[in-house]
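Novice: Sequence:
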Amino acid sequence: MSNQERFRTSGEHIPETTYKGIPVPELPPAILEVRGVSKFLQSFEHYTIPTLEFYLARVLEQQAPNLSAKPASQSVKDKVVDYAIAAHGVMKTEGPDAVLALAANIDNDFNGYASAEVDGPFINIRQEPVGFAERVMGEVQNAGELYGTNNDGLERTVVLDVSSPNIAKEMHLGHLRSTVIGEALSRIMSANGYRTIRDNHLGDWGTQFGTLAHAYNLWHEEIPELDNPETQVAGLQKLYIKINSAIEEQKEASRLSSILKLCREIAVRGQIDITLGEEELQAEIDRVISEQEKAEIDAIEGDSALLDEGRKWFTKLENGDEEAIALWQWARDLSMLEFEKVYQTLGINFEYLLGESVYSGMSSDLCAALVAAGLAEEDEKGRLCLIPSKKGLSAKVIRRSDGSSLYSTRDLSCLIARCAWFNPAKMIYVVGAEQTSYFKEVFDGFEQFAGEDSPELVHVGFGAIELDEGKMSTRKGNVIPLVDVLDEAYKQALNRVTINAEKRQVAMSAEEVAEIARQVAVGAVIYYDLKQGPGRKITFDWDEILSFEGNSGPYLQYATARMNGLLQRSLEEQITFEAFDVRNLDLQGNEGEIIRIIAEYPLAVRQAALKYDPSQISGVLYKLAHAFNAFYSESSVFDEEDVAKRNARLALISCAHQTLKNGLDLLNIPTPARV
RNA sequence: GUACCCGUAGCUCAGCUGGAUAGAGCGUUGGCUUGCGGAGCCAAAGGUCGUAGGUUCGAAUCCUGUCGGGUACACCA
365 MSNQERFRTS GEHIPETTYK GIPVPELPPA ILEVRGVSKF LQSFEHYTIP TLEFYLARVL
425 EQQAPNLSAK PASQSVKDKV VDYAIAAHGV MKTEGPDAVL ALAANIDNDF NGYASAEVDG
485 PFINIRQEPV GFAERVMGEV QNAGELYGTN NDGLERTVVL DVSSPNIAKE MHLGHLRSTV
545 IGEALSRIMS ANGYRTIRDN HLGDWGTQFG TLAHAYNLWH EEIPELDNPE TQVAGLQKLY
605 IKINSAIEEQ KEASRLSSIL KLCREIAVRG QIDITLGEEE LQAEIDRVIS EQEKAEIDAI
665 EGDSALLDEG RKWFTKLENG DEEAIALWQW ARDLSMLEFE KVYQTLGINF EYLLGESVYS
725 GMSSDLCAAL VAAGLAEEDE KGRLCLIPSK KGLSAKVIRR SDGSSLYSTR DLSCLIARCA
785 WFNPAKMIYV VGAEQTSYFK EVFDGFEQFA GEDSPELVHV GFGAIELDEG KMSTRKGNVI
845 PLVDVLDEAY KQALNRVTIN AEKRQVAMSA EEVAEIARQV AVGAVIYYDL KQGPGRKITF
905 DWDEILSFEG NSGPYLQYAT ARMNGLLQRS LEEQITFEAF DVRNLDLQGN EGEIIRIIAE
965 YPLAVRQAAL KYDPSQISGV LYKLAHAFNA FYSESSVFDE EDVAKRNARL ALISCAHQTL
1025 KNGLDLLNIP TPARV
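Start counting at 1 in the first sequence, then tack on 364, and there's your number in my numbering.
None of these hints come from the bench; they were simulated from the model.
Glycine included, C-beta positions come from ideal geometry on N, C-alpha and C.
Check the hints yourself; a few may be wrong.
What the hints assert, rightly or not - The calculated lysine-lysine pairs, modelled on BS3-like cross-linking and capped at a C-alpha distance of 27 Å, are:
id: 1; residue 1: LYS804; residue 2: LYS384
id: 2; residue 1: LYS615; residue 2: LYS676
id: 3; residue 1: LYS855; residue 2: LYS1025
id: 4; residue 1: LYS987; residue 2: LYS1009
id: 5; residue 1: LYS975; residue 2: LYS755
id: 6; residue 1: LYS754; residue 2: LYS835
id: 7; residue 1: LYS895; residue 2: LYS835
id: 8; residue 1: LYS975; residue 2: LYS754
id: 9; residue 1: LYS1025; residue 2: LYS987
id: 10; residue 1: LYS606; residue 2: LYS680
id: 11; residue 1: LYS754; residue 2: LYS384
id: 12; residue 1: LYS855; residue 2: LYS895
id: 13; residue 1: LYS602; residue 2: LYS755
id: 14; residue 1: LYS1009; residue 2: LYS901
id: 15; residue 1: LYS680; residue 2: LYS745
id: 16; residue 1: LYS790; residue 2: LYS804
id: 17; residue 1: LYS658; residue 2: LYS625
Claimed, not checked - Restraint-style ranges between C-beta atoms, simulated for each label pair:
id: 18; residue 1: ASP905; residue 2: ASP461; range: 52 to 62 Å
id: 19; residue 1: GLU742; residue 2: PHE418; range: 49 to 59 Å
id: 20; residue 1: PRO387; residue 2: GLN799; range: 23 to 33 Å
Take these sequences, add in the hints, and give me the full structure.
Specialist: Below, the structure is given as structure tokens:
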């Protein structure tokens, strides 16, 4: 089935061939069968809402539109209060009687659903515990794997620009975040009722390719790795490092000689004795140099013959030169095989894998259209630049004086192509935070062009993963390859799983052990990235990424497996617990706490989408796992003699299990049945 | 220089559309196992929320200044 047919059959947008008059390339085939309708979209009647939250909002809207209710803070939770309304204003202007009256009205409106009590200027809302527990558990049982989802997205399309490694280089830790955050966000948006399209915007075009091609021609015989299919990517990376350091050297040498030349002129003019000692010489120079000359020296950039050759190669590539294209294709295919290994380990898929090269042909039409619309103009150096609409944005170059395209050109083209192909309501770019201003400028250009038709453009900028000694850089060679991290995590996980299996004397095949270890390792690595908000930078720490305790991926997987063990046993012993009564639960203690956290979960799913922040979910999941573990060590299930209590606990565990699984699935953290 | 991000416990972070006693994890100290999975549980110690001012009945949260750390302002991506 072609993509077009797929879109038609699922009632989606049929790809256009132009966008606002700009022709776009034909949509290349999807690499996956498009999940036209994700599992979350199959059945909207199941979507759930955090009940009291919404009920409260409605009551307040009628009774006191100026006030809002917030979840009670930790300190008052001891009083078993769920929400608190701060009515200080009412208290002050209308007096305590008005607060009392308001509380009475609200209480009345709740109709037994919840109660409102006055405590000074606060109106405390308390859920009616039995009814609340019944509702929450009922929703989980009814919704199953859809628990927590909602239809905020109204089935609109969102395109996510994720992962985007550069080809001809190994993936290192720095690429982890876009991949992992992007995947989680894609699932989260799906759970919020959006149709999601993940597009791996491969860095497969640009001057870097020219320089690589040049390096290949110069030195490929010196790099033995290039002959062995196993090490070819490493070989390409060597070439890349070699030519870039050579370029740096040339530029530096050329810069120094330019500076020297300028300094000589100044020295001659100022009649400075250049044989003076360093300090005296500096003082002399400071005496005669002008501010303008200082700025000039700072602005001097070196030339590099190698870089010029590289640019020529890139131009050849853009013009369809056969030799250049063959080389490029070869390097690209090689890299994809390497990337695929990592994606497979992490369990990540994409609908599309549309590299920058896809858009290379659109440059001239794009530039013409932007010029015609009065949104771009040529500068004195012959470069075509965007005209920013807001203060503080710089004029982004979109066409070089030699006519070739840049990153920005291809990003603009890509925006246009995606609009034509997918007609998205939203596009989310999961790219490092250091590109924040770049995206502001490109988005500004596009939004001016598209006007009101523009989809919402979001840049989720994440902080870099840094080493103790600073930023990672392939060119400097101080990187931790992603494969190493995954391998190390796998080794440690394998060790733990093996010991556990022996200790519990459970028979597991070697394959099973290996698969569980993989899942635990992946869980640890992904959770390490998603447990905090995306904006922060992370200083890489082996101990922390390999931590299996406390607030960690394996902790959550462990709790899930524990729950699963209990549920499994109930199956084996053919214990049914459909008929349970929440009155047999300790609603004031750990069991009530578990229910409250389960009820919080759908809100977290919504928050995660609104803030583009998966950690909203990981936080609640951790709380849930912790509450379960506390319950687990305090109460027993199968040793409980009271069958009614046992059944109620089993039902509660099955709800907690469902919630935890749903949440971990949104984060793309595997949940093995045993660990 | 201009813009943006960050500063909360020894370390890593939540909390930020203003509300009651600022919360976790790691680490430290002490306790829990004749028990359904100890990758666990309970508890203690640990805080002038960088700093100064402002708004407010009320500020970690909003505003302004300031200090410290980071990032971006390329004919790179």
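Novice: Report the numbers of all earlier hints that the structure fails to satisfy, in ascending order.
Specialist: Going through the list in order, the structure violates hints 6, 13 and 14 and respects the others.
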